[in-house]
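**Q** The whole structure should be built from the sequences, with the hints applied where relevant.
Chains as they are written, first to last, in the working numbering: chain Y, 1 to 558; chain A, 1001 to 1384.
These are calculated hints, taken from the structure and not from any lab test.
Honestly, I wouldn't trust all of these hints.
Below, computed lysine-lysine pairings styled on PhoX-like, alpha-carbon distance capped at 25 angstroms [unchecked claim]:
#1 K309(Y) / K537(Y)
#2 K129(Y) / K98(Y)
#3 K61(Y) / K1040(A)
#4 K1037(A) / K61(Y)
#5 K98(Y) / K61(Y)
#6 K537(Y) / K514(Y)
#7 K9(Y) / K77(Y)
#8 K61(Y) / K1038(A)
#9 K61(Y) / K1035(A)
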Amino acid sequence: MSAPILSVKNLSVDFPLHKRVLNAVKNISFDLHRGETLCLVGESGSGKSVTARAILQLIAKPGAITGGQIILNSDGKETDIVALGSSGPAIRGVRGRKIAMIFQEPMTSLSPVHTIGHQIIETILLHEKISKDEARKRAAALLDRVRIPIPEQALDRYSFEFSGGMRQRAMIAMALSCNPEVLIADEPTTALDVTTQAEILSLIKELQRDRGMAVLFITHDMGVVAQIADRVMVMFRGDKVEEANVFDLFERPQQAYTKALLGSVLKLETPGPRPERPATETPVAQIDDLALHFPLNAGFFGKPTAYLKAIDGVSLTINEGETVGVVGESGSGKTTLGRTLLRVYTPTEGQVNYRRSDGTIVDIASLRKEGMKSLYGEVRMIFQDPHSSLNPRMTIYQIISEPLRTNTKMTEAQMRDRVEELLARVGLPTDIGDRYPHAFSGGQRQRISIARAVAVRPRLIIADEPTSALDVSLRHQVLDLMRDLQAEFGLSYLFISHDISVIRYFCDRVAVMKNGRIVEIGDVAQICERPQHEYTKTLISAVPRPNPRLRADAPALG
Amino acid sequence: MTLEAKPFDPNELLDQQVTAGQFQAAGQWAMVWAKFKKHKLAVISLVVVGLIYFVALFAEFLAPYDPGKFDPRYTYVPPQSIGFFVDDGAGGSRFQPHVTGYKIELNPVSFRREFTTDPEAIIPIGFFVEGQPYKLWGLFDSNWHLIGPIDQSQPFFLAGGDRLGRDLLSRTIHGTRISMSIGLVGVGLSLVIGMILGGISGYRGGMVDRVIQRVIEFIRSVPTIPLWLGLAAAMPKDWPPLQVYFSILVILSLIGWTEIARVVRGRFLSLRSEDFVISARLDGVSEFRLIMRHMMPSLYSHIIAAITLAIPNMILAETSLSFLGLGLQPPIVSWGVLLQDTQNLRAITQAPWLFIPGICVVIAVLSLNFLGDGVRDAADPYAK
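**A** The structure is reproduced here in structure tokens:
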């Protein structure tokens, strides 16, 4: 085997904190060879991004590389990147020219005040002595290469005129502009929809084959790893846990952490156990032709000339004890649908017939403020981001007791007991009532959100992507908790998610949304195994499965 | 980011990565304070501002004299300096805090009296001496002063005298009370107006918001100095000083509330769409409780920052008005009133110590600004 192009030896990165030092990366070594894809995988806080940034000397101060070597073997010369320092012409000659990097959020990495073309041409001119016209031709060719349509025109457009996927393509074009030998991709598809993600992944793969580049791909998604990695390195809290060939890693994980990680991923690959449901279905909420149109460019006097159809005629029934999933890509109107059901937004048309516990039916869509008040105890919501949905200035007790205070006539002592009981129920210590949300991790905060939601014994919970902000090992724990609560209280869920595997694990039925409409609705098994609608088929097939054998280029089992 | 040194244990719940830190149960204010402490300049300013307000609070006790006490013998006397040891006549020296007296000579060319220090005339001074009687805060009778001459008939001018032979130090100390309280009370008044109008504007939105914002823009577009001048000139000359003081306050805060209203409105607008506010609404919380219990606490620290940054503007406004002779009038003593004396050339050439109140203004304004900066940075301890 030839010498590796990049060889990281005993790398350590430290971040001095207030009173102690955080060892973000501890003594990591790995090699990267020409033409191979090495995936760095780990959960949040594992140090994978820090490792990637260290290779380009991009560690944010006060963090610093405290030990080790990063040997770049290029043009027959060996350079130690650590010795180059974080500024100066030497490291600039490496950045972009030898090693290029693409980031997670293309919008923040592209300048909004310069055209895409300007930014690419500037990068080319910085590193090579060619005329402006030639550089422009090169840039157009690059955009063409990353399959941006009509590249000559795209050069003169701004980043905000592009969609997320197009922006990431432009970023890749820019990264490729100087023919780098190593491409570092730091979660390049995390902010993208699955269908766009699939396109970008195949683009990176293709470019790598064409150019013989080495790719260091950082991700938290085992599905993506299985799709594109040649070798995988697993990180946990700054340590390298395991490094192996992708097939070996998925089929014969050696370390306990890798096994646990793969276990939680694979658990979400199959439908989870569902609570027993009554034979006869009683609908708890019937959504009938619901529509929400936001007026666009409302004139000063005149009527608005155009509408944004966030929800465009949605009909859906949620039965008692049932979990109905809503899946769709960003902008499909799934979150808006959830919020409209609780009248965060007032729908422009349609009905939401909610059957109360005493059998009476109310139309939420046309209910007045006072009428809604009585419903807030029965229909609850769990938010996506547990960091923003818990008031940082209130204690856990205050947060969980707030719905009790407004919807019941409990005394302070009764509320204390109830909050302790709820905390125990969601698997948290009972003595944390007077702490503040910032003392808890994401998974714990989401448990607190769930405790708040079930505090008043609701009948219907609208869960808006409750697991998206969590690491994969926490997802099924939270879902299992929600399922247990469902069996206990006879809850119904409207479960909104972009993640088909979570839906498959957790839901009974699923509705697929696109552009404010439901394109397909049916049992989870049917939608996941035998989708009928074209869009659903694309969506399902785009989801990266955590099984490298499903790859087109997978070798036969030997 | 939470990283613990312990190795992975498969039996352990994966989401038990609790941040073991000092802020486990720390509330908002503990975190604000921790962040504020990192801003060294702001901490120093906090001490300075604290000292200034301490002076304002105990002005009667800290000042050697009443601000109105005058002595025509000592017009424009230069400042004295404090000495600690005197000759005991036997070649040694003994400890005795003192100032030296003045020799007065008539300059035959300029026909002015000139003061030179007379090292022979030792005026013993002491701490906690009995002097002019006063009523502290109008409540407690006392005649104790922090510092003063032991013999009350002797001259004692640590910061020099003014054109009527009044002690500038005493006047500056008493002026501190007026100037600093104008800032505080004026901002308090602007705060009430600003919070109500800004809050309504941000929470309600729509037409109400537009109207209030246009009003704010109108007020801010009026040139301030002519507006003050107009309003101050409209005040009857025969009003008692206290009434003038309060009218100046009202005039200043009628203009000063706009800044605070904008801060409050901006925070309300961004808070309105925060998940935790929506979630409180979905808890069925009443509108009043939603504002007071869920939104306001996020505003407190921002409001404190806005206040700290508004006080110096008030102080400067009062100073300029009084300096121009349109604000407070003697016998009220404020820094601006004291600076009126510096309007003529003679002050600059012969009695530069008359600028001491001006230095006080600079110190007060600067330290309040630095303090405000620090508070503003610390205001949102949850921001990354």
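**Q** Sort out which numbered hints this structure fails and list those numbers smallest first.
**A** Those not satisfied: there are none.
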